[in-house]
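Visitor: Listed here are the chains, written in short residue letters.
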Amino acid sequence: MNLFSSLFSPFRARGGVHPDGRKDLSVEPPIRALPMPERLFVPLQQHVGAPARLSVVVGDRVLKGQLIGASGGNISAPVHAPSSGRVAAIGDFPSPHPSGLPTATITVEPDGDERWIEPDVPDDPFSLSPEEIATRVGAAGIVGLGGATFPSAVKLNLSRKSGISTLIINGGECEPYLTCDDRLMRERAAGIVEGIRLIAYAAGAAEMLVGIEDNKPEAIAAMRQAAAGTGVQIRVVPAMYPMGWDKQMIQVLTGKEVPAEGRSAEIGVLVHNVATAWAVREAIRFGRPLVSRVVTVSGAAVVAPGNLEVPIGALAYDLIKASGGLASDPRRIVLGGPMMGTQLPHLNVPMVKGASGLLALTGKEIGLPSPAPCIRCSSCVRACPVGLLPLEMAAHIRAADLSAAVGLGLKDCIGCGSCSYVCPAHIPLVHFFNYAKGELASLDKAKLRQEATKKLADTRNERMQRIVLEREEAARQRAAKKAAAAKEKELA
Amino acid sequence: MFIAIFSLTLLGGSLGLFLGYAARRLKVEGNPLVEEIQAILPGSQCGQCGFPGCAGAAQALAAGEAPVTLCPPGGREVVALLAAKLGVEVNLSEVKDAVPQIAEVQEELCIGCTKCYKACPTDAIMGAAKQIHAVFREACTACGKCVDVCPTEATRLIPVPVTLQSWSWSKPILERAAA
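Line by line, the protein sequences give chains L and G.
The letter at position 202 of the first sequence is residue 202 when you use the working numbering, and the numbering goes up by one with no holes.
Each position in the second sequence, counted from 1, maps to that position plus 1000 in the working numbering.
What you were told as hints is all true, and nothing was included just to trick you.
EDC-like mimics (lysine to aspartate or glutamate), calculated; alpha carbons at most 20 angstroms apart, straight line:
#: 1; chain 1: L; residue 1: Lys454; chain 2: G; residue 2: Asp1123
#: 2; chain 1: L; residue 1: Lys482; chain 2: L; residue 2: Glu472
#: 3; chain 1: L; residue 1: Lys455; chain 2: G; residue 2: Asp1123
#: 4; chain 1: L; residue 1: Lys454; chain 2: G; residue 2: Glu1035
#: 5; chain 1: L; residue 1: Lys454; chain 2: G; residue 2: Glu1036
#: 6; chain 1: G; residue 1: Lys1171; chain 2: L; residue 2: Glu392
#: 7; chain 1: G; residue 1: Lys1118; chain 2: G; residue 2: Glu1153
#: 8; chain 1: G; residue 1: Lys1085; chain 2: L; residue 2: Asp401
#: 9; chain 1: L; residue 1: Lys437; chain 2: L; residue 2: Asp401
#: 10; chain 1: G; residue 1: Lys1171; chain 2: L; residue 2: Asp444
#: 11; chain 1: L; residue 1: Lys447; chain 2: G; residue 2: Glu1138
#: 12; chain 1: L; residue 1: Lys454; chain 2: G; residue 2: Glu1077
#: 13; chain 1: L; residue 1: Lys445; chain 2: G; residue 2: Glu1077
#: 14; chain 1: L; residue 1: Lys411; chain 2: L; residue 2: Glu257
#: 15; chain 1: L; residue 1: Lys455; chain 2: G; residue 2: Glu1036
Since the hints were derived computationally from the structure, they do not count as laboratory data.
Given these sequences and hints, build the entire structure.
Guide: Here it is in C-alpha cells:
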C-alpha cells in the first residue's frame, strides 16, 4: 500500500527524511484530562503578533473561559481564563522558550468549580454569516494549533477576501513521538468534521481535503466514517518528514507549489490543523474559547507516556507528574516534537496554545555525537524539502558571509531539521540557519533604528535652530521697544 | 616601423587629449563619497570620534585622514560597511565589538537638574526641573553625552537588556573531531 501509493500518487513530495516514529510509546492510552493544577500561569503572548492586553487586575474572580487578556492589534489573539477562580498574580514568569526568559503572565488560582461563562450560541451555526464565524473564532482566541500559532481568524478573513477554493486540514503529524492529533482524530472525528465544515463555510472554500499520513490507519478509518456524506474528503499521504509542513501537504494533495516567500492563499488554498478544526467547533457550537488542548507527554524518561487534555497555563511539571513522573533523569526536555520543538531550560514553564508535545528524552534517545568536518556528501541537499543547499549555506554562515547564504535561499529555509538529521558528520546545520536568521533580523532592526535616530537628531537640530532664531527675534523686539520708549521720554 | 611608431603616438596623444578634456568638462562638483559615508554613520552627532559630528567624520574618512574604526557607537557593523565602501582591508576580529549599550537614569541619584536631556542629541531623555528623568530605550544611541554632564553620576550606560523579542540563537561552535 505504502509503496504502491507513493509510486502512483500523482504528486510527489520533494526531499524529506524518515526518522524513527516512536509514536507507539504514547498512542495507545485514550486522552485523559489533566487533574486541575493548583495554579495556572497564562502568558499574554502565546501567538504570532502583538501580545494580548491585560483586562483583569489581581484579586478579580474569573469564570472559565472569561476574557483575561484582550487582542492587542490586527494580528493578535485574546487569552481566556482556563478555569474558574481568582487572579492571584500578574507579572513576569519563565516562558516556554529556549532562553527561559520571563514574559508577562497572569496567574490564575482555580477554585475547583469549573464554572463556565454563559455561552452565546445559535441553534444552527451555519445560520451565522461567514464574517460572524471568523469574528467568533477570533474572539475565542483560536490560533494555529499545529505549532505555528498564527491567529486563525486573520487567516479566515484573508482567505475569504482573496477567494480560496480548497481547504486542507493537516492531519499529517509527521514529527516523531507526537500522537495528539492522531488520538484527537480517533476519538473526536465527528466534532473535527463539523469544525472543518465551519472553517470551509467561513473561508468560502468549496473543496475540503484532510491529509493524514498512512501510519495512522485507525485515525483514517475514524475520520472516513465521520466524513461520510459531508463532502469532506479524507486523503492518505505517505508517512514522511516534514509531511506536516503546510506547503509540502499542499503540493502532495493538489500538485500546486506555493511560490518562495509566498502564502498558500496565493494559489487558492487555506491550511488548518485538525486540532484547530476541533477548537473552532468548540467555539462556534458551544461558545467555549480555547482554554485547553491535547498535549502528548512522551519520551523514554517518562513512566507512563500518553495524551493529556491540558488547561492552558499548566506547568510542564504538572504534566510529568500526571504521567507517573520521571523514570530516569532526562538529558533534554523538549516542547513540541524532537525535530522542530524547543528545548526547555526546566520543567517550571507553562503549557501554551502552541504546545503539541512535552518530551523528556534520555541521552540514548537523542545521542550527542560531536560534529566532524563536512565531507560534501550532499545528503542534506537530498533531504531538504525546500530544495536548498544546506552545506553551502552553513559554510557561508560559518565564514560570517550572511548575504551569500541569503542568496542561496536562507530565507526560504523552514528550519525543519531534516538536514541536521541526515548529516553523517553531525554538523548542526539547522542551528547555523536559526542563528543566521536571528542575526539578519537584528541587522534589519538596527537599520530601522538608525533611520529613526537620524530623524530624531534632525528634528532636534531643527528645533534648536528655531529656538535660537526666536530668541534673537525676541531680543530685537525688546530693543526696538526700549528705543521707542526712550524716544517718547525724550519728546516728553 | 615608423608607421607603427607614428600611428601609436598619434593614437596615444589624441586619446590623452580627449581624456584631459573630458576630465575638465565632466568634473563632478564636491565629493559624492562624503554623502555616501555619512549615510553609513549613525548620524547622532555624538562626537565620540573627535570630529564635529558625523559630517566632519565623513569628510575625514573620505580624505583618508581617519581610520574606519573611528565610530564607537556604530560597532563592528559600521566598520565593515565603511571598509567595504572605502576599499580598506580591516581585521574585524580586532575591532572590539562593544556590547550594545543604553543609558539609564538611577532614580535614587537623579536630582532633576535637566542637564542630561538638554545634552541628548536624539531627545531620548524625558524630564523637567526637579523631576526624575527617564530614558526612552528605543531612541537612545548610547553616545554617553548624558553621562558626561550629569553632576551626580546618576546616568550611566548599561548593556541593553535581553528580552524575548531580541533574543536569538548564538553561533554554533564546531569542535574539531578527535583525530
